[in-house]
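Participant: Let the sequences and hints guide you as you build the complete structure.
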Amino acid sequence: MSGRGLSDEALVHTLAAESADALRFLEAAGLDLGYLIQLGGHSTKRTHREPNSPDGKPRPVGFDIVNALRKKLDSLPPGLVTVLTNAKAQRLLVKPASGGRVDGVEFLNLTDNTVSSAMGQAVILATGGYSADRQELLAQHAPQLLALPTTNGPWARGDGIRLGRAVGAHPIHMDKVSKSLLA
Amino acid sequence: MIILCFKPSVIPLQSPSLLPHLLPFLSSQVQVHPTAFVDPADVDGQVKFLAPEALRGLGGVLLNARGQRFVDELAPRDTVTGAIFKHAPLSEALPETVDMTDQAQVHTTAPRSAEAYLVLDEKAVAGFGPNFDFYFKVKHFFQKVEGPSGVAEAINARRQRRSLSPLASGAQVFAALAMKRGKTGAAATDPAAAVPADEAEALYVAAITPAIHYTMGGLQIRPDAAVLRAADSADEKPRAIAGLYAAGEVSGGLHGANRLGGNSLLECVVFGRIAARSAIRNHVPKSAEEQAHEAARRRILGDDIALLVEENNDDGEDAGPEDEGIGGEEKVVVEGKSPEAGEEAEAVDDKPTPAPTRDHSEL
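Going line by line, the protein sequences match chains P and S. Letter 179 of the first sequence, counting from 1, is numbered 178 in numbering that gives the first Met the number 0, and no numbers are missing. Letter 236 of the second sequence, counting from 1, is numbered 235 in numbering that gives the first Met the number 0, and no numbers are missing.
Since the hints were made in silico from the structure, they are not lab data. Warning: the hint list may mix true and false statements.
To be verified - Each computed SDA-like pair below joins lysine to any residue, with the alpha-carbon atoms no more than 20 Å apart: (1) S/K179 <-> S/L57; (2) S/K285 <-> S/A275; (3) P/K71 <-> S/R272; (4) P/K70 <-> P/E49; (5) S/K85 <-> P/L145; (6) S/K236 <-> P/T81; (7) P/K71 <-> S/A275; (8) P/K94 <-> S/P284; (9) S/K122 <-> P/L35; (10) S/K122 <-> P/P50; (11) P/K70 <-> S/D120; (12) S/K143 <-> S/D132; (13) S/K138 <-> S/Q45; (14) S/K85 <-> P/A146; (15) P/K71 <-> S/R276; (16) P/K70 <-> S/A275; (17) S/K182 <-> S/V70; (18) S/K143 <-> S/R158; (19) S/K136 <-> S/D120; (20) S/K143 <-> S/Q159; (21) S/K85 <-> P/E8; (22) S/K138 <-> P/P148; (23) S/K236 <-> P/E8; (24) S/K285 <-> P/R23; (25) S/K285 <-> S/R297; (26) P/K70 <-> P/R23; (27) P/K94 <-> S/R280; (28) S/K85 <-> P/Q143.
To be verified - Quick list of the computed label-pair ranges, beta carbon to beta carbon: (29) S/H292 <-> P/A19: 24 to 30 Å; (30) S/L163 <-> P/T110: 47 to 53 Å; (31) P/R23 <-> S/P284: 25 to 31 Å; (32) S/K136 <-> P/A15: 53 to 59 Å; (33) P/A67 <-> S/V42: 33 to 39 Å; (34) S/D231 <-> P/R23: 37 to 43 Å; (35) S/V42 <-> P/Q134: 19 to 25 Å; (36) S/S286 <-> P/P76: 29 to 35 Å; (37) P/P95 <-> S/D132: 56 to 62 Å; (38) P/A27 <-> S/K143: 41 to 47 Å.
What you are looking at is a predicted structure, and each value in this text was computed from that prediction instead of being measured. For each residue, glycine too, the CB sits at the ideal point set by N, CA and C.
Facilitator: See the structure below:
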């Protein structure tokens, strides 16, 4: 396996087993992903891309996925989903006397600098990685890379990892830090 | 449901006081993309444009400062990165004691900077399509030259601008291109044996360098996207944190030590959907009618995901909806920025149909 023996096989199995359904989900949202290419380390053409635009330019598939799903969100009846932009999650809220159950998010509204809470039944973190966290996380865990540039924007700072860690989540490979493999 | 979005441009710095407590727990699995463009106008810039893997997939050749080909351009990313550090260091050579057959050693003792050269012929450029003009005519990452000797001159000129000695020769570049094209015998080694067209052909050369691209480590999740709690002892079975799920780059464990191209967007969609299903299944109170309906649906359709979630949801703590504190049907989704989705998401807010300024066709 390409993960050099470190991949969680159950997660890999889930990714592979669910990929066809994920593709159908995106196609149902209006995306055309019928163009297959082969990328590094692949044994065959298996990465789905969008066909080029009529003028021949490659389409930005990540942008188009977000755009298509946003349109789907916008088509739902009003009041069902609230999207808050320009808000920064500061803390995951744990329900008192629940054994650690997460039931909300405290966030800073960056428009008026006020702090609010969004309460609910569950929280899903989709906050990205820490490729641009040069000052802290990379310095600690991949110091040999600090001289390298990054392809990531400045927002990739591992904020969600900190949020999760503060409520007891387990960032994996903590015992591998001293070996400091990277790839 | 509430979706909370960061606006990438205005995320403030984290409180530094918290960091010492968090640092020991993070994974060190960081993916370096082998090919980010070195902008001739800003060679030392910290943020680089990705040179899409498709440029290599379409026949791009990687050369070192001598004009030698040193790696299979379509090998996995970490292999290509290691080869660039080994064969194309910009200033310092690796210590003699490093075992070059051990990728981990090559990586951890990598030179602090490296620069290799990506060469395309007209066929590769045509295959990539009109967007090549962005890299060539807008950003000037590529220089158009004539034949292998033109490539060597371009490489040497770039090194001389960095006060480094010129090392490349047209003969070396010729041999490298011939090797990539599968030529053998005299045609592979002797420029004099080349048909004139080989020397006159238009070639495009750009400088590239490895760049930090993706962090494989993160919060450990189960196949149902539930975030696992840090164990108090090594023997303790990992338990889920009730009510908390993660999807995408913030999670860890899927990619191990090397992520394959294409698997980032895929994991966002696959585990994003699973997280939503798990959250609804485990935490949104169901009516008796809904419960009966769901049971029937699973029985009839054999919904693998539902079963998968059920099988993996055996820790007790987060099994099923809770009885207390049922407060409506609202769920909270925090959608921050995966690095790849960041620009796109921002663009959704501000510009409904922007012309992409970067190639986001491959992530």
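Participant: Output the indices of the hints that this structure fails to meet, ascending.
Facilitator: 6, 11, 21, 24, 32 and 36
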